[in-house]
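S.K.: Each chain, written out:
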Amino acid sequence: MSDLLSIGSSAAQLYRQSLSTVSNNIANLNTEGYSRQEATSVEGMPSQQGTVFLGTGANLQGISRSYDEFVENTLRNSTSDLATQQPVIKYAERIIDVMGSETSGLTSAFDRFFAAANSLSADPASNVTRGVFVRDSEALASRFRELSGSLDSIDNEVRNEIGQEIKTLNTLAQQLAVINGQLGEKISLDKQPARLLDQRDMVLRKLADIAKVHVSEAPSGTVSVRLGSSAGSLIVDKKSSVDLGVRFDNSDPGRVDILLDPYGDAYASSTISSGKLGGLINFRSQTLGPVLDGFDFLAQKFVSEVNQIHRSGMDSRGDRGKDLFGINPTFSINGTALSSQIDVSIDLQDPDNFQYSPFNMTWVDAEDSWKITSQQTGEITKVKNDLLGISYSGLSIKVQGVMQDGETLQIVPETRPAAGVVLKETDPMSIAAARRLSVSSNSDNIGDAQASLAISDNPYSKQFEYGTNILSLGNNISPSAALTIEPSSLEPSFVIPRGASDATLMMEVSQGSSLQFQVMTGEGVHVLGHAVDQSTQMALMSKDSGFNANAKYSDSYLNAEDSAAYKDLGLTYGFLAKSSEITTWVPSEDGTGMQSSIEPVDALVQSQPVRYFDNTTSQTVKLIDENSLTLNGYTLPALTVDAGQDSNAAMISEWLNAHSEETGVTSSAINEIRVANNKIDFYQQLEINGVLVQGTHNTVDSLSDAINAVSASTNVVSYVGREGGLVVTNAEGFAGADIRFGNPDKTQSSNALGVENTTYSGALELSSSDRVRFTFAADGRPSDLSVLGLRTGIYVDGAVDEDLAVYVTGSEAANISVGYGKSASTDAQDAESAFDLKFVSASEYQIIDRESETILATRQFDGVSDIQYRSAVISFAGPPAAGDIFSVSSNVGGVGDNGTMLEILALQTKEILAGGRSLSDSFIDLVTDVGNKATLSRVSQEALQVVQEQAAEARDRVSGVSLDQEAADLIRFQQAYQASAQIIQMSSKIFDSILAIR
Amino acid sequence: MKVSTTQVFDRAIAQMSSQQGKVAEMQAKLATGKQLIKPSDNPEQNGLIQRLNSAVERQESYEKNLGTLNNRLVAEEVSLRSAENILQRIRELAVQAANGSLTAADREIVAVEVKTLREEFVSLANTKDVSGNYVFSGSKVKTPPFSENEEGVLTYQGDSNVISLSVSEQRQLAMNKPGNDVFTSVVRSTDAGPQKVGFFAVIDDFSAALEDNDVTNIHRGLAEVGHISEALSLSLADVGSRMTVAESQGDLLADTKARYDALLSDTQDLDYSTAVTKLSAELLSLEAAQSSFVKISQLSLFNYLR
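Chain order of the listed sequences is E and X.
Numbering-wise (the working numbering), the first sequence opens with residue 13 and increments by one.
Numbering-wise (the working numbering), the second sequence opens with residue 184 and increments by one.
Honestly, the hints are just simulated from the structure, not real lab data.
Since this is a predicted model, take the numbers as computed values, not measurements.
Errors might be hidden in some of the hints.
[What the hints assert, rightly or not] Simulated crosslink set (DSS-like; lysine-lysine; CA at most 27 angstroms straight-line):
1. E/383 - E/394
2. X/205 - X/379
3. E/555 - E/474
4. E/922 - X/440
5. E/834 - E/396
6. E/474 - E/564
7. E/834 - E/590
8. E/579 - E/555
9. E/334 - X/325
10. E/313 - E/334
11. E/474 - E/334
12. E/102 - X/205
13. X/221 - E/102
14. X/212 - E/102
15. E/250 - E/203
16. E/579 - E/203
17. X/247 - E/850
18. X/440 - E/102
19. E/834 - E/758
20. E/179 - E/102
21. E/218 - X/185
22. E/579 - E/564
23. X/247 - E/922
24. E/834 - E/410
25. E/850 - X/205
Based on the sequences and whatever the hints tell you, model everything.
M.R.: Here is the structure:
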């Protein structure tokens, strides 16, 4: 009703409520997250009186909250961006302070180490300088460990902080979900209590501080929150929130995986790149990870470089240097059912091959081996069990105890490389300061030359370019495994590499073949083969760059034997079969048990079929010339076939046996033809030695019987072999005689036995209690050996300490098989056998191995260049004269030599790391990188600070409380209230006037 | 443009505390006298400082080596000078002995003196330096360079290795001269062709020739002593020149070190005048911020509401 009283009272009520809203604003001046509230009034519904509408005053429409969604959003985002920088700066500065300081940084430790090395180089014989060097080396190793420990603790702190932030985030998300639930009870935003909305915005702002969020508001005021952007993972929706979890990777410090619902489905979330959490994650992946990796790499590189130099030197006892530093990782070993009886110990054998990633070892009982799965790459390796230590990834793992089938051990490397740097040589005497070799001029030298020696770090740089390494081929010497190769006088076909032992190559040679082997060393010494003319000599050494360019061809050791042989090696070109020994168990003499006795076994050779030659001429024909073959040192006479005779195994055997006494080799002949069951062609006929085998047959047995029936005239018998099949051989007394197969049906080329209609000459069986060794005399050639049914071979007894090139020369393709024994490591030989440099003239010198007195090389000398042999590089000041000898030998006794220490010293400035950086430089680079990132963050922070402040100001402008404004509003509403009160008073006066009417 | 009350206070407080932080930092720098309080203040500059520190330490290490080198060279020089004097004496004796006017008995007396001098030679050749290392043994510093067997024949036991010392980043100096290079041998042409005769063998042969009164060999001895004396003088000159080189290297090192020290100081040390000026500027702005805050914060409409 339009009435003075009601208008007045509603106005008074309205202004009273406005005043209380203003005082609420003033009271909440310092409340965080409070948005200014305003009472809004609305005009009352007018009442109609006739055609006139009268107003009914004003009513409180509602308390509106001063709030701008967009400003709020901007504030949230700028808060996230700003919060990203702070953790980066904080932790980056921590890293710089630790790594860059004089006392805890690496640079000062490096300086001390190299200063100690410098002092040591001035007086290597003194135990004092050695002791100081050991002390400062230990200081360097422990500095590595300490720094690594500090970096690890920073890593742990960051991890913990990430965990904390995620927990806070989860709590906030849960709070938001509860608020959402409460908001969900009403349908529209303006009906929601302002306090709840303020709370909601407060939580959202705190969330934004931790990670950037994308907020979408529903009409009812509920929000759904996504990480990062509108495409990010949903963490809060209308009713519930999703927890986040985090997972770290020990082997990759930069990697942080954020998971949704970690105790449930655990799926990856979208990336968090902003907010405190984003800052921490960025720090880990972009700053901490690279620093840890770079530091580890530096540690590994330093240790390997120093060790390499140290190992090439000599300590004060005259022993070869060993590793100076080592990297010892520690491992944690977990098992699914690890019983206390299983003992696992792990040693690092080969640091270069070790990957710092965890792996699982599963025992496979059936195969007596371990199945090893790498956790990082997923690669599976099967390794046979070895009680002395299984090799895997550069480690030697010993497992003692009984493992169950399928039981798994989990091996995790606990420490990073840099945390495991230790000093291995703690004895001052074991520091290798001296060079291993020294050169001295013979006191009788007439020339003025002074020789000085340096150690080359690439002693085996010269290797043969061509030629297949025999160790890369299958180890099978039988003719069925032969390779076919083309002959060449220009490039080697095979290479017997350094360290190969008992290498053997055998070649099939047919009649009239010109095939030969030639074996040469890298210095042009022709050790096995046949004498060649000068043009062939040049050809052999011309193409392959594995030959020393200055070396001269030498045939002084061609086919030499025993003490005259090259380096006293046991080399054979021809055919070799050795006797051996076997150990048997026999009853012991006193009858109480068994004892071992070593029985010698004769050398036994069975040749392939000998050459069949039917001499149809009227002259005697020589199959093998005199002066061609030598057997066990005795030169055999010529092998001749008289007119009308033919060569067969029996005849050749007789020829050999004629010289049994001199050679020590006895021979017997055997002619056996074996035919498999499925090759026998029962439809064909068979003639043996011209005699027809009677009858038709359909079983092997009846064929065999028929052959035996005519054996009186053929001198051939047969029997059924053990595995079936037919064996046709000579009759008693005719061993080795030819067997000729034929077929009465001349149109056929084969016969009932399924073999060709030709003469089979038999094979030889040679035996000797010592050995059977054929070599070539001056006129001998491999084709001569083939007459005896023997392949020609190259045999190397024992291990070789240099590469040997094997040529196959001739004009037709060759079939060659290869065999070898277990390779030996040549490290012991690498300890440098002493050698002499003898100048035969001012421009030519020889390298002579002192122990075997073999001339290893004859080379040209141009008067200026350095001479390198193996790891010794010798340079001359002054010209050597003819007859001068310089001896290179071990430097034992040279305790004052500092060559190796000078090389270690050179590491201080040597550019061994990428980009031409030295060790120290590289470390400083690491720190500077972090510094750059920190500076970048700082600059960003300053800029973002300004942005955030502006956003905060903008928000405050909209939602903030200004006391002055509130004071003005107070005055306004107070006056309005007074005025309303007056209205009521006025209406009361009016009523009084009405009441006064009588 | 409305500014909320909380904004006014918060902003003023933030600015004042950052200003206070700057003042505290300046104060710390003034107290320590260093431009960087901790490495993270300026990582690049810190890296430079570390490099310079390393360089200074390297120079010191080289200086130490030069000291050792000098000791060694002095020991060499002293013994070579004595050796030269002795050889001089032997030459005089040789000239004297070659004079036809001497009798066999006179020559025998000369031989006695030569023999004594020879003993002195041996002890000079086996000189040790202050660390107890033999100076003329090459790298076999614990083995005496010349040792005598039962027949009195002296053989050289050392080796020909020259030991180098690093005296600067690019330079290495030889620390020693091997004994067989100092006490050289001569080539004697005999009927069997040229033959190498050792240092002490020359002197021994000479004294034998004196005892035998063999004039031809005395003349031969005179010539050979002349050769070895020349060689010894060359070695002495070489030591002298090495000492000169070492000295000039020492000067160079001192210069380099001074340069590095200056650079280090430039990079590391605080320039007090600019620092103090900066401090007063910071203090001024802090005071201004504080007093203006007090004034502004007192303004409020409520002051005028009764």
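S.K.: All hints are to be evaluated individually against the structure, with a verdict given for each.
M.R.: So, going through the hints one by one against the coordinates:
For a cut-off of 27 angstroms, the pair hint linking residue 383 of chain E to residue 394 of chain E stands: about 5 angstroms separates their Cα positions. Restraint check for residue 205 of chain X and residue 379 of chain X: not satisfied, since their Cα atoms lie roughly 83 angstroms apart, outside the 27 angstroms limit. In summary, the hint linking residue 555 of chain E to residue 474 of chain E is supported, as the alpha carbons are separated by about 14 angstroms, within the 27 angstroms threshold. Between residue 922 of chain E and residue 440 of chain X the alpha-carbon distance is near 21 angstroms, which keeps this suggested pair within the 27 angstroms criterion.
Between residue 834 of chain E and residue 396 of chain E the alpha-carbon distance is near 19 angstroms, which keeps this suggested pair within the 27 angstroms criterion. For the hint pairing residue 474 of chain E with residue 564 of chain E, the CA-to-CA distance comes to about 16 angstroms; that is within 27 angstroms, so the pair holds. The straight-line distance between the Cα atoms of residue 834 of chain E and residue 590 of chain E is roughly 18 angstroms, inside the 27 angstroms bound, and the hint therefore holds. The straight-line distance between the Cα atoms of residue 579 of chain E and residue 555 of chain E is roughly 26 angstroms, inside the 27 angstroms bound, and the hint therefore holds.
With a C-alpha separation of about 23 angstroms, the suggested pairing of residue 334 of chain E with residue 325 of chain X holds against the 27 angstroms cut-off. Restraint check for residue 313 of chain E and residue 334 of chain E: satisfied, since their Cα atoms lie roughly 17 angstroms apart, inside the 27 angstroms limit. A threshold of 27 angstroms between alpha carbons decides the hint, and for residue 474 of chain E with residue 334 of chain E the separation of about 26 angstroms falls inside it, so the pair holds. Among the hinted pairs, residue 102 of chain E with residue 205 of chain X is consistent with the structure: their alpha-carbon atoms are about 18 angstroms apart, no more than 27 angstroms.
At roughly 13 angstroms between alpha-carbon atoms, residue 221 of chain X and residue 102 of chain E fall within 27 angstroms of each other, so this suggested pair holds. Distance restraint check for residue 212 of chain X and residue 102 of chain E: the Cα-Cα separation of roughly 21 angstroms lies within the 27 angstroms cut-off, and the hinted pair is therefore satisfied. Note on residue 250 of chain E and residue 203 of chain E: the hinted pairing holds, with a Cα-Cα distance of about 18 angstroms set against a maximum of 27 angstroms. The suggested pairing of residue 579 of chain E with residue 203 of chain E is violated, with an alpha-carbon distance near 105 angstroms, which exceeds 27 angstroms.
This hinted pair does not check out: residue 247 of chain X and residue 850 of chain E have alpha carbons roughly 41 angstroms apart, beyond 27 angstroms. Annotation: proposed proximity of residue 440 of chain X to residue 102 of chain E is violated, straight-line Cα distance about 37 angstroms (limit 27 angstroms). For the proposed pair residue 834 of chain E and residue 758 of chain E, the alpha carbon gap of about 54 angstroms is over 27 angstroms, so the pair is violated. This hinted pair checks out: residue 179 of chain E and residue 102 of chain E have alpha carbons roughly 21 angstroms apart, not beyond 27 angstroms.
About 25 angstroms separates the Cα atoms of residue 218 of chain E and residue 185 of chain X, which keeps this hinted pair within 27 angstroms; it holds. A distance of roughly 18 angstroms separates the Cα atoms of residue 579 of chain E and residue 564 of chain E; the hinted pair therefore holds under the 27 angstroms criterion. Simply put, residue 247 of chain X and residue 922 of chain E have alpha-carbon atoms about 22 angstroms apart, close enough for the 27 angstroms limit, and the pair holds. Under the criterion of a C-alpha separation no larger than 27 angstroms, the hint pairing residue 834 of chain E with residue 410 of chain E is consistent with the structure, at around 24 angstroms.
The hinted pair formed by residue 850 of chain E and residue 205 of chain X fails the criterion: a straight-line CA distance of about 78 angstroms is larger than 27 angstroms.
Checked against the numbered hints listed earlier, the structure breaks hints 2, 16, 17, 18, 19, 25; every other hint is satisfied.
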